[in-house]
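Peer 1: Single-letter residue listing:
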Amino acid sequence: MLLTATVFLPLAGAALILLLGDRARRVRLFAAAVGIADFALALLVFRSYDRAEGGFQLVDKFDAWIPQLDIQYHLAVDGLSAPLVLLTGLLGLAAIYSSWSIGQRHREYFAWLLTLQAAVMGVFTAQDFVLFFIFWELELVPMFFLISIWGSGRKEHSAMKFLLFTFTGSAFMLVGLLAVYFSTGVFDMTQLVGMDLNNLLLPSQLVFAFFFIAFAVKLPVWPVHTWLPDAHTDAPTAVSVMLAGVLLKMGGYGLIRVNVSMFPDVAAEAATALAVLAVISILYGALVTFRQSDLKRLVANSSISHMGFVLLGVTSVGAAAGELSPVGLTGAAMQMFSHGAVTGLLFVMVGVVYDKAHTRHIPDLGGLAPKMPFAAVAFLVAGLASLGLPATSGFAAEIMVFLGTFPAHGVLTGIATVGVLMAAGYVLWTVQRSLFGPPRERWAHLGDVSAVEAVAPVLLMAAILAVGIYPALLSDVFTSGVNDLLPRFTP
Amino acid sequence: MTWSDVYLLSPELSVAAAALLALVAGMANAHRGVVTALGLLGLAASLVLTGLLWAELDGNVDLCSVLGEDSGTALHGALAVDRFALFFKGLIGVSTALVLLASYAYTQRFASRGPEFTSLVLFAATGMMLLAAGRELITLYVALELSTLPLVALAAFSGGQRASEAGLKYLVLGAVASAVLLYGMTLTFGYTGSTVLESMAASVSDAALDGSRPFGVGVLVLGVVMMVAGFGFKVAAVPFHGWIPDVYEGAPTPITAFLSVASKAAGFAVVMRVFFTAFEPLEVDWALLFAGIAAASMTFGNLAAIQQANIKRMLAYSTIAHAGYLLVGVAAVAARTPDGVTIGPETVLFYLGGYAVTNLAAFFAVIAVANRTGSELIASFAGMGRRAPWLAAALTVALLSLTGIPLTVGFMAKLFVFGAAVKADLAWLVALGAVNSVVSAYYYLRVVRVMYLGEPSEGEQPSRAVPLDLSVAVTALAVVALGLWPRPLFHAAERAVERLF
Chain E
-16 MLLTATVFLP
-6 LAGAALILLL
4 GDRARRVRLF
14 AAAVGIADFA
24 LALLVFRSYD
34 RAEGGFQLVD
44 KFDAWIPQLD
54 IQYHLAVDGL
64 SAPLVLLTGL
74 LGLAAIYSSW
84 SIGQRHREYF
94 AWLLTLQAAV
104 MGVFTAQDFV
114 LFFIFWELEL
124 VPMFFLISIW
134 GSGRKEHSAM
144 KFLLFTFTGS
154 AFMLVGLLAV
164 YFSTGVFDMT
174 QLVGMDLNNL
184 LLPSQLVFAF
194 FFIAFAVKLP
204 VWPVHTWLPD
214 AHTDAPTAVS
224 VMLAGVLLKM
234 GGYGLIRVNV
244 SMFPDVAAEA
254 ATALAVLAVI
264 SILYGALVTF
274 RQSDLKRLVA
284 NSSISHMGFV
294 LLGVTSVGAA
304 AGELSPVGLT
314 GAAMQMFSHG
324 AVTGLLFVMV
334 GVVYDKAHTR
344 HIPDLGGLAP
354 KMPFAAVAFL
364 VAGLASLGLP
374 ATSGFAAEIM
384 VFLGTFPAHG
394 VLTGIATVGV
404 LMAAGYVLWT
414 VQRSLFGPPR
424 ERWAHLGDVS
434 AVEAVAPVLL
444 MAAILAVGIY
454 PALLSDVFTS
464 GVNDLLPRFT
474 P
Chain L
46 MTWSDVYLLS
56 PELSVAAAAL
66 LALVAGMANA
76 HRGVVTALGL
86 LGLAASLVLT
96 GLLWAELDGN
106 VDLCSVLGED
116 SGTALHGALA
126 VDRFALFFKG
136 LIGVSTALVL
146 LASYAYTQRF
156 ASRGPEFTSL
166 VLFAATGMML
176 LAAGRELITL
186 YVALELSTLP
196 LVALAAFSGG
206 QRASEAGLKY
216 LVLGAVASAV
226 LLYGMTLTFG
236 YTGSTVLESM
246 AASVSDAALD
256 GSRPFGVGVL
266 VLGVVMMVAG
276 FGFKVAAVPF
286 HGWIPDVYEG
296 APTPITAFLS
306 VASKAAGFAV
316 VMRVFFTAFE
326 PLEVDWALLF
336 AGIAAASMTF
346 GNLAAIQQAN
356 IKRMLAYSTI
366 AHAGYLLVGV
376 AAVAARTPDG
386 VTIGPETVLF
396 YLGGYAVTNL
406 AAFFAVIAVA
416 NRTGSELIAS
426 FAGMGRRAPW
436 LAAALTVALL
446 SLTGIPLTVG
456 FMAKLFVFGA
466 AVKADLAWLV
476 ALGAVNSVVS
486 AYYYLRVVRV
496 MYLGEPSEGE
506 QPSRAVPLDL
516 SVAVTALAVV
526 ALGLWPRPLF
536 HAAERAVERL
546 F
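As given, the protein sequences belong to chains E and L, one line each in that order.
If you read the first sequence in the numbering used here, its first letter stands for residue -16, the second for the next number, and so on.
If you read the second sequence in the numbering used here, its first letter stands for residue 46, the second for the next number, and so on.
Okay, chain E solo, but in the shape it has when bound:
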């Protein structure tokens, strides 16, 4: 029941919030209580997962849901999903704490935010394909409302663009999963891993491509990334945190859970092509990031580059049979967690700066550090983790991606390392222009972050440094999940 509680607690909280009065303070505190409770549950899930044993654990199953098609209610976690559940709990809490300054329609806002958290939790824990798809689609509804009501700028345009891109991806996924089901008669994802899916109703390459399109939109991979800068820029801070922090991870998770686990042969064949896409994403994302003058858009574009490393790590499965090690896939998973915490923190800090300075235009900023030392430190920690400084989670993740992928794609991996150099460039340049420099007269009245605003940064910095200093905290768990997959690649 633990997983069911973890998934549905935020949903129950969302329903209860609608019954509360419209007093902003009460609504916020209630939402925070739900967020803390769910984070505690997520921690419990992570702690309860026995990494020595591996496999799927904490199973919640109810098989009388739609017996005609053998569709079950089936939740479970393995080494891959347990840390992502933790990440979702962490970022959900951070998102609630960075929503303190929401000015209108509090009840609806927090209800949608908690619904979003429940949907993402569901994606990471569902082990029935239909249930997975239901949670996958369910996440669209809160996102659509959150961006289009509480966003800024061209919010309605961005919300619709986000929705249509993702929905198109899901349409492909639906065809893919129906093809899998009607060829095998199985919707159970734990069983599908380990079945031979090379002879389906449709060519397995095509089914693989359908799933890849769905997950590539979410990750996002060049050239289907164009929704991301718009959605991020116009979303409210907390939604950007959730979007970068956990929603993009759904794409990476799906790639490993479905494309790699269920179609190992096709994945190995396609690895080089995917690696090329990954390298384009990494370099293109970094180049575009250099050109940004809006702080939020800059962070958003850097996400494209960083999520490219996830795809690159996944392509390590293209290595020859003897050389394949769990390092690449583990690195990809680590990068997902790391990027979630790091970019989450960056968006929180951008939100804090914007709330105080009322601008995100980088040339207008500058000289903020003396006025808000805590914010400057948090920003700097996130920035350094983003460029992969040792002792931060970013380093641990990226080094594993490179080590794991090099045997498979030596040259492409070499090119991809340029992305890290470019990250160092745009991160340091941005931090210098926006935070440091001579103190300015116009910022004289600004103060540092409040205690409430400090909650999210402290949580996220703790996660970044903990994973950076002792990566085995996470990598052991991820590796236990990845080790279950590797035998499939050595015929």
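Ranges between beta-carbon positions, derived for each pair: (1) E:Arg137 - L:Val187: 53 to 61 Å; (2) E:Gly350 - L:Ala424: 42 to 50 Å; (3) E:Asp5 - L:Leu348: 40 to 48 Å.
Read the hints as simulated data drawn from the structure, not as lab findings.
Keep in mind it's a predicted model, so treat the numbers as computed, not measured.
Heads up, the beta-carbon is just placed ideally off N, CA and C, and yes, glycines get one too.
Using the hints, position chain L against chain E.
Peer 2: Below, chain L alone, put in the same frame as chain E:
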């Protein structure tokens, strides 16, 4: 007609009796509440009797021993009494009851003509129920006319230019469709020498391809294609959809809801019964025909709906698109699996049930909103999220269900139908359907966006109509309940088709 026939036809007869009583009550100047109550009573009786007959087929009840193990016939074989017919009688009965409930406040504006409105709705419902049960061509034709003609009067009921245009268009195009259908029926009768579907099937399989009959099998195929056109009019599939937008816009909104749900369900019932009883043995690629119509309907309906500013017109085009999704299921039934197993008729029935509650919820919410704002333009829905939060929530649920977002019955319905089609090797059609769902998301969610983002317009009338609110609530809750727990409806649909296919 014997007493056992009366019992077997009691679901239809009780509705027809209620229709007559409503007319009488109208002449006696009864309060319109009495008239509506009479109608609801007749429908309730019809539903109870439908349940009773279903139990009789199961062998749980035995009031008269005229029913066989799983099916029976009434009126010398003209009408079938099987679970397939009973499923549709239940569906049509429930939809009609909800439509009557929702139109209670609406009939106020027709003053003394209110009872006629109720009576016509009930007559049309009788026709639709007979249509679902007919197993003989002449009966089917009469039932079709009985269901169409009251609707023509209803479409023009509110008077004025638009309503008259709606009525006239429906009448003329309906007459053309009927004529084509009748001609098709004549040709098939001429070829097979029978009007009873089973005998036609026997004749087709005996001698379909021996070439000994005058004009050969081509005549039969021509007849069947003409019947497709006639029924295509009823279910509003492209290219027989020309009447839809104008009629839907001009008719009173409860009637639009009725047309889009009950009339369409009856149309699908007859399509499935006729084609898969009588013409299955004919070696023609029906799947390709239905798949083509499905593809055209989905694509045209969705693309045309995008540009609409009037919500009734938008929903009109959306019903064309949904006829397309339903035909995806019909195409799957026609295609069968490579090893000859029929697949997916139950998914079509499930889709019809889910679509019925969804579309009723959408139209009822539109009535409620239009009562407040006096306008059916999408722009006038602005700010409903704040003015009438529950109403806006109900309409949002209905629109999400029409899009096919999970936790609503619309998702489950699409999942089942598309699943059947993939199994039938129609993956291309499913891909097209899925892409169409994306297109539809754009215009459905545009309404949602307007409701929650737009500023409320001035001059709104607070409007409370308890029966209408009740029907909105019931249908919207059903959309979610069936989305979470589709099992009972799916089970009923499975039982309904088990003998027929």
